[in-house]
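Enquirer: Construct the complete structure from the given sequences, taking the supplied hints into account.
Line by line, the protein sequences give chains A and B.
Numbers 1 to 445, taken from full-length UniProt numbering, label the letters of the first sequence in order.
Numbers 1 to 445, taken from full-length UniProt numbering, label the letters of the second sequence in order.
It should be emphasised that the hints constitute simulated quantities derived from the structure, not laboratory data.
A quick note: this is a predicted structure, and the numbers were derived from the prediction, not measured.
For each residue, glycine too, the CB sits at the ideal point set by N, CA and C.
Possibly wrong hints are sitting among the right ones.
Said to hold, decoys possible - Cβ-to-Cβ under 8 Å is the rule here; a few derived chain A residues that face chain B:
#1 G145
#2 G155
#3 G158
#4 V305
#5 A317
#6 S318
#7 L331
Claimed, not checked - With the C-beta cut set under 10 Å, the calculated list includes, among others, these residues of chain B facing chain A:
#8 A29
#9 G62
#10 V63
#11 I149
#12 E227
#13 I296
#14 V305
#15 G308
#16 A317
#17 D323
Protein chains: 2
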Amino acid sequence: MSSLSTRRSADSVTSLKIGIAGLGTVGAATIKLLHAEPTHGGSGRNIEVAAVSARSRDRDRGVDLSGATWFDDPVALATSDIDVFVELMGGAEGSALKSVEAALAAGKAVVTANKALLAAHGMHLVTLAEASGAPLLYEAAVAGGIPVIRTVRDGLAGVPIKSVLGILNGTCNYILTRMENEGLTFDECLAEAQRLGYAEADPTFDVDGFDTAHKLAILSSIAFTTELRADGVSVEGIRGIEPADLMAARELGFRIKLLGIATMTEDGVDQRVHPTMVPLGSALAETSGVTNAVSIRGPAFGELVLSGPGAGGDATASAVVSDLTDLARGLAPTPLGRPTSALMPFKKPEAGGHRGAFYVRLPIADRAGAFAALAQRMASEGISLEQIVQKTPHRPDHLPPLQEQTVVLVTYTTDEAALKRALKAIADDGVIVRAPHVIRIAQTL
Amino acid sequence: MSSLSTRRSADSVTSLKIGIAGLGTVGAATIKLLHAEPTHGGSGRNIEVAAVSARSRDRDRGVDLSGATWFDDPVALATSDIDVFVELMGGAEGSALKSVEAALAAGKAVVTANKALLAAHGMHLVTLAEASGAPLLYEAAVAGGIPVIRTVRDGLAGVPIKSVLGILNGTCNYILTRMENEGLTFDECLAEAQRLGYAEADPTFDVDGFDTAHKLAILSSIAFTTELRADGVSVEGIRGIEPADLMAARELGFRIKLLGIATMTEDGVDQRVHPTMVPLGSALAETSGVTNAVSIRGPAFGELVLSGPGAGGDATASAVVSDLTDLARGLAPTPLGRPTSALMPFKKPEAGGHRGAFYVRLPIADRAGAFAALAQRMASEGISLEQIVQKTPHRPDHLPPLQEQTVVLVTYTTDEAALKRALKAIADDGVIVRAPHVIRIAQTL
Numbered sequence: 001m002s003s004l005s006t007r008r009s010a011d012s013v014t015s016l017k018i019g020i021a022g023l024g025t026v027g028a029a030t031i032k033l034l035h036a037e038p039t040h041g042g043s044g045r046n047i048e049v050a051a052v053s054a055r056s057r058d059r060d061r062g063v064d065l066s067g068a069t070w071f072d073d074p075v076a077l078a079t080s081d082i083d084v085f086v087e088l089m090g091g092a093e094g095s096a097l098k099s100v101e102a103a104l105a106a107g108k109a110v111v112t113a114n115k116a117l118l119a120a121h122g123m124h125l126v127t128l129a130e131a132s133g134a135p136l137l138y139e140a141a142v143a144g145g146i147p148v149i150r151t152v153r154d155g156l157a158g159v160p161i162k163s164v165l166g167i168l169n170g171t172c173n174y175i176l177t178r179m180e181n182e183g184l185t186f187d188e189c190l191a192e193a194q195r196l197g198y199a200e201a202d203p204t205f206d207v208d209g210f211d212t213a214h215k216l217a218i219l220s221s222i223a224f225t226t227e228l229r230a231d232g233v234s235v236e237g238i239r240g241i242e243p244a245d246l247m248a249a250r251e252l253g254f255r256i257k258l259l260g261i262a263t264m265t266e267d268g269v270d271q272r273v274h275p276t277m278v279p280l281g282s283a284l285a286e287t288s289g290v291t292n293a294v295s296i297r298g299p300a301f302g303e304l305v306l307s308g309p310g311a312g313g314d315a316t317a318s319a320v321v322s323d324l325t326d327l328a329r330g331l332a333p334t335p336l337g338r339p340t341s342a343l344m345p346f347k348k349p350e351a352g353g354h355r356g357a358f359y360v361r362l363p364i365a366d367r368a369g370a371f372a373a374l375a376q377r378m379a380s381e382g383i384s385l386e387q388i389v390q391k392t393p394h395r396p397d398h399l400p401p402l403q404e405q406t407v408v409l410v411t412y413t414t415d416e417a418a419l420k421r422a423l424k425a426i427a428d429d430g431v432i433v434r435a436p437h438v439i440r441i442a443q444t445l
Numbered sequence: 001m002s003s004l005s006t007r008r009s010a011d012s013v014t015s016l017k018i019g020i021a022g023l024g025t026v027g028a029a030t031i032k033l034l035h036a037e038p039t040h041g042g043s044g045r046n047i048e049v050a051a052v053s054a055r056s057r058d059r060d061r062g063v064d065l066s067g068a069t070w071f072d073d074p075v076a077l078a079t080s081d082i083d084v085f086v087e088l089m090g091g092a093e094g095s096a097l098k099s100v101e102a103a104l105a106a107g108k109a110v111v112t113a114n115k116a117l118l119a120a121h122g123m124h125l126v127t128l129a130e131a132s133g134a135p136l137l138y139e140a141a142v143a144g145g146i147p148v149i150r151t152v153r154d155g156l157a158g159v160p161i162k163s164v165l166g167i168l169n170g171t172c173n174y175i176l177t178r179m180e181n182e183g184l185t186f187d188e189c190l191a192e193a194q195r196l197g198y199a200e201a202d203p204t205f206d207v208d209g210f211d212t213a214h215k216l217a218i219l220s221s222i223a224f225t226t227e228l229r230a231d232g233v234s235v236e237g238i239r240g241i242e243p244a245d246l247m248a249a250r251e252l253g254f255r256i257k258l259l260g261i262a263t264m265t266e267d268g269v270d271q272r273v274h275p276t277m278v279p280l281g282s283a284l285a286e287t288s289g290v291t292n293a294v295s296i297r298g299p300a301f302g303e304l305v306l307s308g309p310g311a312g313g314d315a316t317a318s319a320v321v322s323d324l325t326d327l328a329r330g331l332a333p334t335p336l337g338r339p340t341s342a343l344m345p346f347k348k349p350e351a352g353g354h355r356g357a358f359y360v361r362l363p364i365a366d367r368a369g370a371f372a373a374l375a376q377r378m379a380s381e382g383i384s385l386e387q388i389v390q391k392t393p394h395r396p397d398h399l400p401p402l403q404e405q406t407v408v409l410v411t412y413t414t415d416e417a418a419l420k421r422a423l424k425a426i427a428d429d430g431v432i433v434r435a436p437h438v439i440r441i442a443q444t445l
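Expert: Next comes the structure, spelled out in structure tokens:
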């Protein structure tokens, strides 16, 4: 039973020497948190910021770096005399990739908050870590301050999981919350989020769903013990959402959230990111602003929901510090919860297999027969409609009336492929004046 | 860096031999879950149910026990040829205590779901575990299937925590939910819960708050890195709650929940269990039925909320299995997250120091001046009232009117001691016809 001993070896009294590459918000917050609690989880081992690297040496970051050796080159830092390389630079390629590779190859433990890096090179890095025996920890990479990696990897270790889904991008959730509460357009809310620092100047990564997809791929790999494959995720962002959709959703008893959803099917792991209507009153629907929430389901435990800060320097730093504390305590979980040899190969289900209920917003020409034509096309594909709402957009009195109306349909459970065929036929009929907008409805969230 | 290696030693290919004492709902569900997933988290190590013990050997539990050695005596099982002793008998003394002591003394790892045992003898057992180097894991002891022990011990390791609070008893939450939704009395709901198997024949442990107190003391010790002390918890249960309180709460924008609340104060760790008014719309207010929810707060990460099944055989078994998988993986967290030598001594703040807003229900004599007398006593103690509602209980027409009325007060933040003095003076005045009922209001949950 020696491998189960909780006794600590004699080297536990020495410092854990860490090198931090990247001194932005998260880097500075990590150093502050480390300075604030010197005993670090009672490991008896001090965590010492021995070396740092960043783009600019002169910037004042509000933290004391006097004891740390400065490196201009993060790759040089990664292989210097440290125990743990902490990568907080971001980016899937370049310095982040090179320095993490170098650290792992040199047998240094790595702690990173970089989901893009893991999504692009996860299997490569995990294999490197395995070869050198170096731990690779990344609690901060998914859902910021929510310890969801640990929950799935350890808290549900050995327990079958059916699905993992959630709100994994604070920027999108902030924008959707503001659009709904204030009746603003997507563009107005995005500009506001950029002004407040919640969104990047180039928002593609967030609003088009890629950031959510990266996090989902990481979670999915741990939950279903498959290889990490971000290219298997179907991705749709929130640019197409209009205030009318949010209002209609509320009238129907739902709220629109950008969800990442990974489900184990008989056919493989289905990984999707798309706007989803979730029932009002559910934990996900009530998660507003930059907060994240993750729902995990399985036959034994039912549903677990974790919610908390998905971003922010301090919250992300607390996830980094928890990984460092694991290392200081001498704990080193396997990166994906099990050896790569024990992972199942990733398999994506055949496309078009998704079934569910759908919300469809159709801008129709305001002419006799349009409505009947539309209903006929749905019926031909065997799609039953649960609700049909026809709306005329409000226009100020001094403007001429629009020559279009909006029809909102809610389908019963149907095949996505059948719906696509019906919508194509409707477009071909010339009944709609612009492309329809389709949002999936989650009936049991 | 050898202590951080993720490589597994050669003995990881052998089975992890476990002995289970107690084959009730949780025991049987644990065996089923172990049989369902043979690879157990990819540890490469089979978890083998090598031995079992229970009160009756003949009962059919729906699981295959043919490969397991039977022990009549759990203490003999605990020291037999096994790697891990799984204690699922329950009870703070007797067989549970003796067998866990014996296992730890013999250097066997222990996994238990027994919060009463840990609350009564936690420090003693942790010390035994430390002395022999045997792991002692108990994820299942708090909040059933929610991996909250890991979240606090590992996920927030090294990160300062300000408070831990939550709904930790499914029986009480079920009763309160039913009382509110159906307008039933406490006694009616308790009888129903007993019929459905959600409450024991002797419900004291649950409804008087002791079970919540035990779980809170365990969580509190890990969160605040203090010695585990269940006798430091102030406990008040839900027997005094009337349907009128639940209705009044809703009118005021609250819902009544039995919460366990542990807060780090300058003066020590404040541990309290009592009915609490939580704002409608908050995660805790929306946690209904037998579901549990835990909120953890700290300056770095803000608030984390975890919710999920707080009880039930399958959910509790998944927590037991996650502990066993940790052991199969060769991970052995320190029982309280740090060595006992690194724990702070438990210190309870001085009594009477609690400040907050209060809900007070007062049955007053229906006579002129009663109301004025009551308001005067509150004013004398410097207690400001945010709301005052006077209600006459509904009576069928054929019955004579009651000679009493109910006054509901909501105070602004005040000292609990001042409120107690005011209520004593009101009672001495003869203004109230029965004892008042006081419920704390959580203003920022």
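Enquirer: Look at each hint and say if it fits the structure.
Expert: Comparing the hints with the structure gives:
1. The closest approach between the C-beta of G145/A and any C-beta of chain B is roughly 4 Å, which is under the 8 Å cut-off, so the hint is satisfied.
2. The interface hint given for G155/A holds, since its Cβ lies 3 Å from the closest Cβ of chain B, which is under the 8 Å cut-off.
3. The criterion of a C-beta within 8 Å of any C-beta in chain B is met by G158/A, whose closest approach is roughly 4 Å, and the hint holds.
4. Evaluation of the V305/A hint against chain B yields a held restraint, the C-beta minimum of about 5 Å falling below 8 Å.
5. Hint status for A317/A: holds, given a least beta-carbon distance of 6 Å to chain B, under 8 Å.
6. For S318/A, the interface hint holds, the least distance from its beta-carbon to any beta-carbon of chain B being 4 Å, beneath 8 Å.
7. The beta carbon of L331/A comes within 6 Å of a beta carbon in chain B, closer than 8 Å, and the hint placing it at the interface holds.
8. At a threshold of 10 Å, the smallest CB-CB gap from A29/B to chain A is about 7 Å, leaving the interface hint in force.
9. Annotation: G62/B was flagged as interfacial toward chain A, and the flag is violated, the nearest CB pair being 15 Å apart, outside 10 Å.
10. Taken as an interface hint, V63/B does not check out: its beta carbon lies about 14 Å from the nearest beta carbon of chain A, beyond 10 Å.
11. For I149/B, the shortest C-beta to C-beta distance to chain A is roughly 9 Å, which falls under 10 Å, so the interface hint holds.
12. Taken as an interface hint, E227/B does not check out: its beta carbon lies about 12 Å from the nearest beta carbon of chain A, beyond 10 Å.
13. About 8 Å separates the beta-carbon of I296/B from the nearest beta-carbon of chain A, less than 10 Å, and the hint is met.
14. Proximity of V305/B to chain A holds as hinted, the smallest CB-CB distance being about 5 Å (cut-off 10 Å).
15. A least Cβ separation of about 4 Å between G308/B and chain A falls short of the 10 Å threshold, and the interface hint therefore holds.
16. Interface hint status for A317/B: upheld, as the beta-carbon distance to the closest one in chain A is roughly 6 Å, under 10 Å.
17. Against a cut-off of 10 Å between C-beta atoms, the interface hint on D323/B holds, since the closest Cβ of chain A lies about 9 Å away.
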